[in-house]
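Peer 1: These protein sequence lines map, in sequence, to chains Y and Z. Numbering-wise, the first sequence is residues 1 to 305 according to this note's numbering. Numbering-wise, the second sequence is residues 1 to 264 according to this note's numbering.
Treat the hints with care, since some could be wrong.
Lysine to aspartate or glutamate pairs mimicking EDC-like chemistry, simulated, CA-CA at most 20 Å apart [said to hold, decoys possible]:
#1 Z:Lys233 <-> Z:Glu32
#2 Z:Lys117 <-> Y:Glu163
#3 Z:Lys146 <-> Y:Glu17
#4 Z:Lys75 <-> Z:Asp97
#5 Z:Lys81 <-> Y:Asp63
#6 Z:Lys63 <-> Z:Asp97
#7 Y:Lys243 <-> Z:Glu60
#8 Z:Lys238 <-> Z:Asp97
In short, the hints are calculated from the structure, not lab data.
Given next are the chains, with one letter for each unit.
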Amino acid sequence: MSDLLNDITYLLTDALELGLIWSLLALGIFVSFKVLDYADMTCESSFALGGATCATMIINGFDPFVALICGSLASFLAGIITGLLHVKLKIPALLSGIITMIGLYSINLRVMMNKANLSLINQDTIFSLINLNLSIPQYGRIIISLIIVLVIFFVMYYFFGTEIGMSLRATGMNMNMAKASGINTSVMIVLGLGISNGLIGLGGGLLTQSQGFADINMGKGVIIIGLAAIIVGEVIFGKRSFKNRLISTILGTFLYYILLGIAMRLGLDPNDLKLLSAILIIIILASPLLKKQLLSNKNRGAQHA
Amino acid sequence: MLKLENITKIFNQDDKVNQKIALNNVSFSMEEGEFVTVIGGNGSGKSTLMNIISGLYTPEEGKIFIDNIDVTKMKEHQRAKFLGRVFQDPLMGTAFDMSIEENMSLALRRGKTPTLKWGFNEQNRQLFINKLEDLNLGLEKRLTHKVGLLSGGQRQALTLIMATIKKPKLLLLDEHTAALDPKTAKIVLDLTLSLVKEFNITTLMITHNLRDAIKYGDRLIMLNEGRIILDIKGEEKKNLTITDLLKRFDESSLTNLDDRLLLS
């Protein structure tokens with residue numbers, strides 16, 4: 001019995017640690033996909049860019065906090081480039097993100113000094129610098145991540161309630177209305193993609209410091225994780241207001257890692273993870289349609305009876 | 001107030017086969033406070049006229065002035081500070097996933113550069129309540145409700161309030177009752193009239209309904225094949241009847257009068 005309890009505790013703490021770190025990515029994807037209604041693929045590389053920048057700077061003796069912020073800024077710029085490709089050169093949204101994503105791969109390698117992997121062993125990270133004197137180091141990582149996520153949550157909540165933030169949301173919801181209200185929608189798209197990727201880069205940097213290495217491929221498939229987290233969050237925790245949607249995204253990431261932990265304990269091959277996440281997204285996205293069809297079939301049955 | 005000088009708009013200019021001259025050397029001006037109704041068949045250029053004024057399209061030739069300011073090269077969002085707009089599609093004028101007060105706050109700031117200040121304040125809320133109370137739709141009690149929950153008519157009424165909450169130099173109404181049921185259309189049209197009168201707003205209204213075009217406004221223009229073929233104002237407009245109008249159609253050798261226009 002106590003074994004099971006222990007197991008559940010481990011599962012929950014692991015999910016909490018990963019969920020907090022990855023919720024930054026989910027919040028970033030929330031800004032591009034949900035707020036701006038822009039299918040931005042830049043995230044696949046900007047996540048790694050955040051991690052790569054962070055790792056290289058730490059190795060070269062920079063403060064881990066400065067490195068974290070610079071990683072985020074680098075990814076912010078990547079988002080700006082995607083936005084400019086779209087609004088200035090009129091490249092379709094999806095393609096502009098893919099172009100930046102592909103180009104960034106080379107840049108990420110350069111940033112990582114042409115290595116596919118950078119280890120932070122024996123280097124300071126924000127988690128080693130802030131010593132909370134806890135018997136279990138994982139709890140320390142959770143508390144620090146929690147503080148960062150809370151700060152980001154409050155900043156985002158405030159920002160999207162400001163005049164600029166509201167203009168950004170209006171741009172994503174109804175471009176016609178935004179333009180008719182005098183909002184420069186091009187500026188809003190570029191800014192929004194910058195913010196989105198800045199958050200994603202922050203997530204990449206935090207993961208790098210938490211796991212102790214950066215990898216050139218660390219961003220592969222993150223879009224699926226982010227979308228799955230957002231969708232799971234929306235379904236379970238709702239989307240009544242903007243605040244509610246932010247909270248749902250964070251809790252959704254946590255829930256996603258709980259589900260993942262359970263699946264792993266039931267013997268899921270980690271290599272099948274991306275496929276399963278993709279299938280999960282399909283099921284959730286298709287469920288309203290399926291529900292409707294089931295209902296109409298039922299009604300038809302009733303009529304015939 | 002509004003002045004169009006020799007406006008020509010051609011679609012697919014480089015494609016000789018599909019080329020379409022939507023506006024052909026149109027010159028037109030409006031006085032301050034004037035209420036002009038615009039009629040015309042499909043493809044007559046009335047929507048293009050609106051979109052040229054609002055900045056969605058740039059003309060191949062000609063100039064546009066609003067209050068003696070040359071706006072020809074201004075982008076859509078830059079012109080927004082002069083214009084209040086209501087579209088045919090009730091979903092187009094509001095942001096569905098934002099509350100009524102958020103939508104109205106955006107409208108109140110039309111044309112101002114947004115800042116990092118919090119998006120609403122108590123003072124504005126009172127203004128919104130006052131404005132919404134005049135509608136008698138009970139929306140004043142639903143300030144925090146999302147606009148997506150409102151009916152088409154309610155959304156269109158809200159869009160009208162939003163378009164006029166900051167008095168526009170020119171109000172553009174693009175068949176804004178066409179997508180509503182007759183009863184709701186009448187309510188929205190009456191609201192339009194009372195707002196235009198109360199604030200003395202210069203208004204350009206496209207309608208597909210001849211009766212409305214005659215009944216409302218103090219001047220009527222008719223477009224056909226990218227030209228203004230009728231321009232009736234003053235006493236003549238007041239005494240205008242549908243029969244007169246149809247007769248005038250014949251005189252102006254109308255080639256492209258669609259059924260919808262005749263039957264409405």
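Peer 1: All the hints need checking, so say for each whether the structure fits it.
Peer 2: Results for each hint:
1. With a C-alpha separation of about 14 Å, the suggested pair Z:Lys233 and Z:Glu32 falls inside the 20 Å cut-off, and the hint holds.
2. Restraint check for Z:Lys117 and Y:Glu163: satisfied, since their Cα atoms lie roughly 6 Å apart, inside the 20 Å limit.
3. Our distance criterion of 20 Å between C-alpha atoms is broken by Z:Lys146 and Y:Glu17, whose separation comes to about 35 Å.
4. This hinted pair does not check out: Z:Lys75 and Z:Asp97 have alpha carbons roughly 26 Å apart, beyond 20 Å.
5. This hinted pair does not check out: Z:Lys81 and Y:Asp63 have alpha carbons roughly 47 Å apart, beyond 20 Å.
6. For the suggested pair Z:Lys63 and Z:Asp97, the alpha carbons sit about 38 Å apart, so the restraint of at most 20 Å is broken.
7. The straight-line distance between the Cα atoms of Y:Lys243 and Z:Glu60 is roughly 47 Å, outside the 20 Å bound, and the hint therefore fails.
8. The hinted pair formed by Z:Lys238 and Z:Asp97 fails the criterion: a straight-line CA distance of about 43 Å is larger than 20 Å.
Checked against the numbered hints above, the structure violates hints 3, 4, 5, 6, 7 and 8; every other hint is satisfied.
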